[in-house]
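A.B. asks: Protein chains in written order, with my numbering: chain A, 1 to 426; chain B, 1 to 426.
If you're looking for bench data, these hints aren't it; they were derived computationally from the structure. Please read all numbers here as calculations on a predicted model, not as lab measurements. Where hints are given, some of them may not hold.
Said to hold, decoys possible - Listed below are several chain A residues computed to face chain B (Cβ distance under 8 Å; list not exhaustive):
#1 Met14
#2 Ala18
#3 Gln39
#4 Gln47
#5 Thr214
#6 Gln218
#7 Arg268
#8 Lys271
#9 Lys272
#10 Glu291
#11 Tyr306
#12 Ile314
Every residue gets a Cβ at the ideal spot worked out from N, C-alpha and C, and that includes glycine.
2 protein chains.
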Amino acid sequence: MICEILSVGTELLMGQIANTDAQYISSRLSEFGISVYRQVTVGDNPQRVKEALNTALSRSDLVITTGGLGPTEDDLTKEMVAEYFGLPMELHQPSLDALTERIRRYHPGRPVTENNLKQAYFPKGAVIMKNSCGTAPGCIVERDGKAVAVLPGPPREMRAMFEGELTAYLEKISDVRIHSRFLKIFGVGESNVESILQDLFHLENPTLALYCGTNEVQARMSVQLPKGEDPGRVFDPVEREIRRRLGDAVYAVGRGETIESTVFRLLRDRKKTVVFAESCTGGLLASMLIENAGASDVLRESYVTYGEETKVRILGVRQRTVDTVGVVSTECAAEMAEGARRISGADYAVSVTGVAGPDGGTPENPVGTVYVGVADERGTCVKRFCFLGDRDRSWVRNLAAAAAFNMLRLRILGREIEGAQECAKG
Amino acid sequence: MICEILSVGTELLMGQIANTDAQYISSRLSEFGISVYRQVTVGDNPQRVKEALNTALSRSDLVITTGGLGPTEDDLTKEMVAEYFGLPMELHQPSLDALTERIRRYHPGRPVTENNLKQAYFPKGAVIMKNSCGTAPGCIVERDGKAVAVLPGPPREMRAMFEGELTAYLEKISDVRIHSRFLKIFGVGESNVESILQDLFHLENPTLALYCGTNEVQARMSVQLPKGEDPGRVFDPVEREIRRRLGDAVYAVGRGETIESTVFRLLRDRKKTVVFAESCTGGLLASMLIENAGASDVLRESYVTYGEETKVRILGVRQRTVDTVGVVSTECAAEMAEGARRISGADYAVSVTGVAGPDGGTPENPVGTVYVGVADERGTCVKRFCFLGDRDRSWVRNLAAAAAFNMLRLRILGREIEGAQECAKG
């Protein structure tokens with residue numbers, strides 16, 4: 001089945017917003033085995049909306065539109081669909097009732113205008129889709145072997161409608177499902193992962209593809225199956241093989257998983273706590289961990305020691321360390337972690353000290369140099385990272401934070417951390 | 001002048017990435033008074049690329065393509081442009097030299113393949129645009145009153161090329177400029193701003209439009225002027241009028257300004273320091289401030305006191321406060337700020353304590369309730385915020401952080417903070 005996505009909205013053509021609707025819809029359609037051949041965007045212009053809709057319907061089985069469902073005269077997606085199929089527009093009373101109720105609740109005293117009324121009219125025979133987050137319902141029109149699904153433009157409204165009634169419709173009309181499973185990989189570069197898994201890229205059931213993020217790689221397995229079949233038997237053996245080859249570098253399964261959510265779960269499941277001593281990341285580690293609901297089980301307190309003197313005063317870093325090797329050093333990272341663990345009583349302490357830039361680099365420690373320390377009951381280890389590249393402060397800080405979480409993950413799992421130095425307790 | 005943007009890339013049609021290139025290009029073109037009527041995306045399919053290019057050129061003066069410049073057989077945007085205009089492909093020696101040098105530097109030992117060679121071929125007579133961030137140069141082909149600009153797909157490469165040689169070209173072919181000035185507004189809701197500025201929306205020089213973000217409003221003034229004319233005389237009087245009406249709610253001028261960068265500059269210019277005592281924001285405030293280069297001038301240390309007991313132990317909140325009114329209270333916020341200021345010696349201390357959810361809400365303090373305290377030499381004030389709405393933890397934390405920065409901003413400026421309670425020093 002061939003689908004075309006038609007986005008209507010002058011704000012898209014002005015570049016005021018990115019067309020995330022088209023991405024979302026394309027991604028979801030691929031899961032139903034529906035191919036998107038074209039995404040087309042036009043403004044709120046009757047002539048161009050009409051022409052784009054005609055062209056799209058002439059070459060596709062299914063057209064999904066977003067936008068142009070508002071109350072103003074400009075908004076005419078539904079009207080153009082009705083015109084294409086030669087259908088009259090009809091009032092849908094339940095939509096008008098819902099709209100009236102919504103206006104009464106959120107804008108008491110405001111009258112229901114002629115324009116609002118427009119939002120309750122649909123091509124005759126259309127299946128109406130409720131809008132749980134806004135005033136504009138959508139609809140599906142099927143005729144002459146073609147179908148058009150009309151969705152609102154605001155992403156929250158569009159997604160809710162897609163996941164509800166439109167998904168039910170797609171489940172009905174599509175016989176296949178394309179399933180995907182994502183393995184999240186940290187600490188091995190894309191080209192290394194590629195050569196380690198090389199022969200697996202020739203598989204057909206499932207297919208395997210890599211996606212490279214800023215600081216991690218995702219391996220995606222995909223398989224097309226008849227509706228109702230479980231993809232586990234296809235994915236499981238390949239996942240086992242990938243894990244056998246990549247070992248601990250595979251940190252989670254699932255597209256939405258992150259290195260910090262993985263660490264959060266590891267700590268919570270083991271009833272362990274952590275404290276951070278952050279210099280250049282400056283609260284980023286704590287903030288990322290606390291993003292997880294239930295974070296109070298694993299983090300009680302955390303320290304940002306950005307100034308040199310604060311590392312000594314708050315964390316007990318030795319003045320001699322600061323004076324001799326400086327704060328961007330293995331020694332300082334170790335003492336920061338040990339100090340934070342001591343004052344907090346946490347099971348694990350993670351320290352980060354480095355040069356995020358743009359200034360502050362030296363020949364020994366150029367911008368992008370970061371030391372991460374992890375202290376626990378077994379002792380303290382420190383690893384030096386170099387995030388070089390002509391990038392900004394934010395890039396260095398984010399890479400440092402992810403690397404720190406990964407070191408903590410490996411330490412919790414009791415693994416050797418490659419390239420890390422074990423430090424004698426200070 | 002009418003432009004069409006043609007994006008080539010199967011990854012866009014699969015929904016793997018959003019088409020941020022089209023947004024970026026549209027937004028920049030609008031500044032040259034060039035109208036984008038359509039954005040079209042097709043996959044790496046010769047037939048559909050060709051057909052889309054033909055259609056685009058038949059109805060536009062300028063077509064800008066992105067993607068399809070890679071070394072593989074799939075990549076054929078340039079070839080299709082050559083075919084459209086009936087031009088042969090020719091080797092561009094400087095591009096080949098640059099490519100060879102790039103491969104030598106980044107992939108020593110790897111040969112320059114037949115496929116790489118392809119990236120140095122262009123339609124005869126094309127103006128070549130260097131790629132400072134990747135291997136694929138772009139080009140501009142002008143013929144028969146039409147022009148096609150061919151850009152790479154990866155956003156960093158595309159943007160660098162756009163800002164360099166393509167911008168120079170657009171400056172040459174366009175006689176007008178559309179200038180914009182953004183006023184950033186905090187603490188007044190969109191509909192309030194709308195009614196306060198109501199009559200100004202009828203202006204034509206400049207036009208005025210509002211954009212609503214998660215927690216702030218932007219007012220954009222725009223004006224079209226002949227090349228070389230200064231928009232200041234058009235913008236200045238309207239900016240003055242907006243500031244007269246909205247007062248301190250206007251916190252900055254400039255699209256890229258943020259509430260935290262504004263606070264950072266205020267502190268640095270006054271040579272003042274700040275410390276945070278964060279509970280539910282958990283390091284977010286510190287992290288946002290430290291994102292600014294030079295942050296060590298204004299922040300030395302900062303505290304995340306997430307657990308109840310840590311507020312007492314680290315910040316000196318009174319046990320009695322915790323036991324009687326609890327940690328989500330005016331008293332606790334005040335004592336947290338005062339404690340952080342006392343132990344750090346900073347000029348300003350900002351505390352945040354609240355319920356980010358999804359659990360922990362009570363009838364008095366439902367999820368989304370946040371107390372922000374600011375302490376300075378004049379005393380301490382606390383304001384209670386309610387970020388209600390069916391949203392997630394991240395949403396509450398981000399709104400709380402922005403609100404805290406805004407309170408600090410007003411306090412630094414010596415303004416009254418509406419709805420805040422002045423607390424006696426603990």
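A.B. asks: Can you list which hints this structure breaks, lowest number first?
C.D. replies: 4, 5, 6, 7, 8 and 9
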